[in-house]
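Visitor: So the chains spell out like this:
Protein chains: 2
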Amino acid sequence: MAVKVHGSTYSSATRRVLACLIEKEVEFEIVPVDLMSGEHKKPDYLKLQPFAMVPFVQDGDFSLYESRAILRYYAEKYATQGTNLLGKNLEERAQVEQWLEIEGQNYQPYIYPLVMQLMFFPQMGKTADEKTVKENEEKLAQALDVYEERLSKSKYLGGDFFSLADLSHVPLTHYLVNGTNKAYLIKDRKHVNAWWEDISGRPSWKKVLEF
Amino acid sequence: MAVKVHGSTYSSATRRVLACLIEKEVEFEIVPVDLMSGEHKKPDYLKLQPFAMVPFVQDGDFSLYESRAILRYYAEKYATQGTNLLGKNLEERAQVEQWLEIEGQNYQPYIYPLVMQLMFFPQMGKTADEKTVKENEEKLAQALDVYEERLSKSKYLGGDFFSLADLSHVPLTHYLVNGTNKAYLIKDRKHVNAWWEDISGRPSWKKVLEF
Chain H
1 MAVKVHGSTY SSATRRVLAC LIEKEVEFEI VPVDLMSGEH KKPDYLKLQP FAMVPFVQDG
61 DFSLYESRAI LRYYAEKYAT QGTNLLGKNL EERAQVEQWL EIEGQNYQPY IYPLVMQLMF
121 FPQMGKTADE KTVKENEEKL AQALDVYEER LSKSKYLGGD FFSLADLSHV PLTHYLVNGT
181 NKAYLIKDRK HVNAWWEDIS GRPSWKKVLE F
Chain S
1 MAVKVHGSTY SSATRRVLAC LIEKEVEFEI VPVDLMSGEH KKPDYLKLQP FAMVPFVQDG
61 DFSLYESRAI LRYYAEKYAT QGTNLLGKNL EERAQVEQWL EIEGQNYQPY IYPLVMQLMF
121 FPQMGKTADE KTVKENEEKL AQALDVYEER LSKSKYLGGD FFSLADLSHV PLTHYLVNGT
181 NKAYLIKDRK HVNAWWEDIS GRPSWKKVLE F
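Order-wise, the sequence lines are chains H and S. Residues 1 to 211 in full-length UniProt numbering are what the first sequence spells out, letter by letter. Residues 1 to 211 in full-length UniProt numbering are what the second sequence spells out, letter by letter.
One thing to keep in mind: the hints can contain errors.
Identical copies look the same in the list; a pair holds intra-copy or inter-copy alike.
[Stated by the list, open to error] Calculated lysine to aspartate or glutamate pairs in the EDC-like style (CA-CA distance at most 16 Å, straight line): (1) K41 with D145; (2) K88 with E76; (3) K126 with E76; (4) K126 with E27; (5) K47 with E149; (6) K47 with D61; (7) K206 with D61; (8) K182 with E130; (9) K155 with E135; (10) K77 with E91; (11) K88 with E138; (12) K206 with D145; (13) K47 with D145; (14) K41 with D61; (15) K187 with E137; (16) K126 with E25; (17) K4 with E138; (18) K206 with E25; (19) K77 with E138; (20) K126 with E138; (21) K131 with E197; (22) K47 with E148; (23) K207 with E25; (24) K131 with D34.
The set of hints was computed from the structure by calculation and includes no laboratory data. Given the structure is predicted, the values throughout are model-derived calculations rather than measurements.
Turn these sequences into a full structure, and let the hints steer you where they fit.
Guide: In structure tokens:
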């Protein structure tokens, strides 16, 4: 039975889950959630995702939300199927977890407002707030300086293998690079840029973009 | 060989790691990092924690940072020692991971500024910003409404067992309840308060507070 992914194909968190399922060769179907009409705030939706966010998955009678928790579940459930996204032992997995946490705590908090302000606000007829953009650009640049150092010594964030840590960065970085005027944050850092070209060039991500 | 925890016993992230190591009966020693003098921003420190944050651990020649990644590593490495903090199967672990993510993405982002503004700012001679307090109080209250619903049906966040998801909430909630005038956010919610009394009453947390 295919995994049902309730979400929006424009949402970065939904895209993160889709990329993972494709890498793990797990059959799925997308159940569209109409964010514009507020479907995610209606009682039926809140029964399964009480924080009113996308995505959540249904897998038989098992239901789960929070995109990074979903990634971990499928990476572990299908450990020997598709791409190994967790490393070969506890120490490799720990490095993957470290950089997956960094993505959630030190990368998304800065890149998300940039993408919102510079890409989605104009589409909604809203004006970006210069101070918000400047503050988050500075913080993202600081984080990316650490990434540059890390990626000068390691091909991927978690080690010499592609993992959940890399995958989790792709959706918002795609919007930053292709939908804003801040692509230079990635492009001007040699090792970050090589990493970005690599991870965004994977067939799984190209397939996500087709939805 | 004891695990070296480089951190500050006042830092919520350091306390999270200490509580976990105690629950898992792992021997450790604390290597104090003097945040006031900026020790965490010095080159020697940045070699091991390039984001200039506490804590990080050294375990023989293995080094790791990001508190929740450290929790996962020790919970899994010593799966059969001390308290089982991950559940009995993949689906239970997935629920633990879901609520551990919620703590990082939907709880800490609101409770941390409240604690900073209302507890640490006065200690530093700074004045709390009313707008920041109001906004974060509202968002934390919204999240806690979902917790109340969850905890009316389940003794702990991840299921009927104490786990990393609960443990991870303790340090900042302790500061909110004992160091600010916003304890009502916890106390006025029947099931949240019962859960709080339970998880903050564990011997592991009492031991953390002795450091």
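Visitor: If a hint holds in the structure, say so; if it does not, say that too.
Guide: Verification of the hints:
1. For the homomeric pair K41 and D145, the shortest alpha-carbon distance between copies (15 Å) is at most 16 Å, but the shortest distance inside one copy (38 Å) is not.
2. In this homomeric assembly, K88 and E76 come within 16 Å of each other (Cα to Cα) both inside a single copy, at 12 Å, and across copies, at 14 Å.
3. For a Cα distance limit of 16 Å, the shortest separation of K126 from E76 qualifies neither inside one copy, at 42 Å, nor across copies, at 47 Å.
4. Taking the shortest alpha-carbon separations for K126 and E27, neither the intra-copy value of 38 Å nor the inter-copy value of 54 Å comes in at or below 16 Å.
5. Taking identical chains as interchangeable, the C-alpha atoms of K47 and E149 lie at most 16 Å apart only when they sit on different chains, with a minimum of 11 Å there against 44 Å within one chain.
6. Taking CA atoms no more than 16 Å apart as the test, K47 paired with D61 passes inside one copy only; the shortest distance there is 14 Å, against 46 Å between copies.
7. Proximity of K206 and D61 under a CA criterion of 16 Å is satisfied in neither setting, with 30 Å inside one chain copy and 39 Å between copies.
8. In the homo-oligomer, the alpha carbons of K182 and E130 lie at most 16 Å apart inside one protomer (13 Å), although the nearest pairing across protomers, at 33 Å, exceeds that limit.
9. Taking the shortest Cα distances, K155 and E135 never come within 16 Å of each other, neither inside one copy (29 Å) nor across copies (41 Å).
10. In this homomeric assembly, K77 and E91 come within 16 Å of each other (Cα to Cα) only across copies, at 9 Å, whereas the closest approach inside a single copy is 19 Å.
11. Taking the shortest alpha-carbon separations for K88 and E138, neither the intra-copy value of 35 Å nor the inter-copy value of 43 Å comes in at or below 16 Å.
12. Within a single copy, K206 and D145 get their C-alpha atoms no closer than 27 Å, and across copies no closer than 39 Å, so neither meets the 16 Å cut-off.
13. Only between protomers do K47 and D145 lie at most 16 Å apart by alpha-carbon distance; the minimum there is 13 Å, versus 42 Å within a single protomer.
14. Proximity of K41 to D61 under the C-alpha cut-off of 16 Å is found in neither arrangement, the shortest distances being 22 Å within a copy and 48 Å between copies.
15. When the C-alpha separation of K187 and E137 is checked against a cutoff of 16 Å, the pair qualifies only within one copy, where the shortest distance is 14 Å, while the shortest distance between copies is 39 Å.
16. Proximity of K126 to E25 under the C-alpha cut-off of 16 Å is found in neither arrangement, the shortest distances being 40 Å within a copy and 54 Å between copies.
17. Taking CA atoms no more than 16 Å apart as the test, K4 paired with E138 passes in neither setting, with 38 Å inside one copy and 33 Å between copies.
18. Proximity of K206 to E25 under the C-alpha cut-off of 16 Å is restricted to the intra-copy arrangement: shortest distance 15 Å within a copy versus 46 Å between copies.
19. In this assembly of identical chains, the alpha carbons of K77 and E138 never lie at most 16 Å apart, being 38 Å within a copy and 37 Å across copies at closest.
20. Taking identical chains as interchangeable, the C-alpha atoms of K126 and E138 are never at most 16 Å apart, the minima being 22 Å within one chain and 24 Å between chains.
21. In this homomeric assembly, K131 and E197 never come within 16 Å of each other (Cα to Cα): the closest approach is 30 Å inside a single copy and 42 Å across copies.
22. For the homomeric pair K47 and E148, the shortest alpha-carbon distance between copies (14 Å) is at most 16 Å, but the shortest distance inside one copy (42 Å) is not.
23. When the C-alpha separation of K207 and E25 is checked against a cutoff of 16 Å, the pair qualifies only within one copy, where the shortest distance is 12 Å, while the shortest distance between copies is 46 Å.
24. Proximity of K131 and D34 under a CA criterion of 16 Å is satisfied in neither setting, with 31 Å inside one chain copy and 32 Å between copies.
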